[in-house]
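Start from the sequences, fold in the hints, and give me the full structure.
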Amino acid sequence: AQSVAQPEDQVNVAEGNPLTVKCTYSVSGNPYLFWYVQYPNRGLQFLLKYITGDNLVKGSYGFEAEFNKSQTSFHLKKPSALVSDSALYFCAVRERYSTLTFGKGTMLLVSP
Amino acid sequence: EPEVTQTPSHQVTQMGQEVILRCVPISNHLYFYWYRQILGQKVEFLVSFYNNEISEKSEIFDDQFSVERPDGSNFTLKIRSTKLEDSAMYFCASSDRGGDYGYTFGSGTRLTVV
Chain A
-14 AQSVAQPEDQ VNVAEGNPLT VKCTYSVSGN PYLFWYVQYP NRGLQFLLKY
36 ITGDNLVKGS YGFEAEFNKS QTSFHLKKPS ALVSDSALYF CAVRERYSTL
86 TFGKGTMLLV SP
Chain B
7 EPEVTQTPSH QVTQMGQEVI LRCVPISNHL YFYWYRQILG QKVEFLVSFY
57 NNEISEKSEI FDDQFSVERP DGSNFTLKIR STKLEDSAMY FCASSDRGGD
107 YGYTFGSGTR LTVV
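Here the protein sequences come in this chain order: A and B.
Anchor point for the first sequence: position 95 equals 80 in our numbering, and the numbering is continuous, going up by one each time.
Anchor point for the second sequence: position 94 equals 100 in our numbering, and the numbering is continuous, going up by one each time.
Watch out, some of these pointers could steer you wrong.
With beta-carbon atoms standing in for the labels, derived distance ranges [stated by the list, open to error]:
| # | chain 1 | residue 1 | chain 2 | residue 2 | range |
| --- | --- | --- | --- | --- | --- |
| 1 | B | 86 | A | 39 | 46 to 52 Å |
| 2 | A | 97 | B | 78 | 47 to 53 Å |
| 3 | A | 39 | B | 22 | 34 to 40 Å |
| 4 | B | 118 | A | -14 | 27 to 33 Å |
| 5 | A | 15 | B | 82 | 29 to 35 Å |
| 6 | B | 17 | A | 39 | 40 to 46 Å |
| 7 | B | 86 | A | 41 | 45 to 51 Å |
To give a feel for the contact side, a few chain A residues facing chain B, derived at Cβ under 7 Å [said to hold, decoys possible]:
| # | residue |
| --- | --- |
| 8 | 34 |
| 9 | 87 |
| 10 | 89 |
If you are wondering where the hints come from, they were derived from the structure by calculation, not from laboratory data.
No residue lacks a Cβ here, since even glycine has one placed at the ideal position from N, Cα and C.
The following block contains the structure:
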């Protein structure tokens, strides 16, 4: 069965500093990996995905993520955090022909 | 940009009542999904739907739940007799090509069972 682990409930970072939100996954085949963001009282917004190809993928709002097959990780990164990046971030994984499985989410708090 | 639309945004219902949550997926998508998020907890898969039938469902999706695509545009989730523990945010999503490019989620319906 596929699964996702987000080891941090919350990540705190100062505005302008780099941020990393961690994600590791477990699948039996090739993973399709996604990051979604949820702002308060809003739905899930797609940020970026890895399907195949370059291990470093770039997404919306300056976010990027690096697929590391040996460490089964897909950490979300941004070089310079903004206060407006404060939100709940979900990592998700699926294999081909399976449905999307989410991690428990990580709250990102960016302080001014 | 195409959106998935969910109505209502918030529904309050009494325990034991039936509720229907409505979704309008993106028009050229073929795969439809319902997920739920109990307050403060993870987003959980309920059911997927393709070609007018359920393709997969989770343990949560018991006989109290049903889905329907009553016409060419709507996709509904019915909870037959609501329980307090059904209180959650329910998200509809749709995808093309089985979701290779991710799912597009609606903004959710917050269901409160009292």
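Hints, one by one, checked against the model:
1. A hinted range of 46 to 52 Å for the beta carbons of residue 86 (chain B) and residue 39 (chain A) is consistent with their spacing of about 47 Å.
2. Between residue 97 (chain A) and residue 78 (chain B) the beta carbon distance is about 48 Å. The supplied range of 47 to 53 Å therefore holds.
3. A C-beta distance of roughly 53 Å is found between residue 39 (chain A) and residue 22 (chain B), which places it outside the suggested range of 34 to 40 Å.
4. Checked against the hint of 27 to 33 Å, the C-beta distance between residue 118 (chain B) and residue -14 (chain A) comes to roughly 31 Å, which is consistent with it.
5. Between residue 15 (chain A) and residue 82 (chain B) the beta carbons are some 34 Å apart, a value that agrees with the proposed interval 29 to 35 Å.
6. Distance hint check: the CB atoms of residue 17 (chain B) and residue 39 (chain A) are about 43 Å apart, consistent with the given range 40 to 46 Å.
7. Checking the proposed 45 to 51 Å range against residue 86 (chain B) and residue 41 (chain A) shows it holds: the Cβ atoms sit about 47 Å from each other.
8. Taking 7 Å as the C-beta cut-off, the interface hint given for residue 34 (chain A) holds, the closest approach to chain B being about 5 Å.
9. Annotation: interface hint on residue 87 (chain A) holds; nearest CB of chain B at approximately 4 Å, less than 7 Å.
10. Interface hint at residue 89 (chain A): satisfied, since its Cβ lies 4 Å from the closest Cβ of chain B, which is below the 7 Å cut-off.
In summary, the structure is inconsistent with hint 3 from the numbered list given earlier, while agreeing with all the others.
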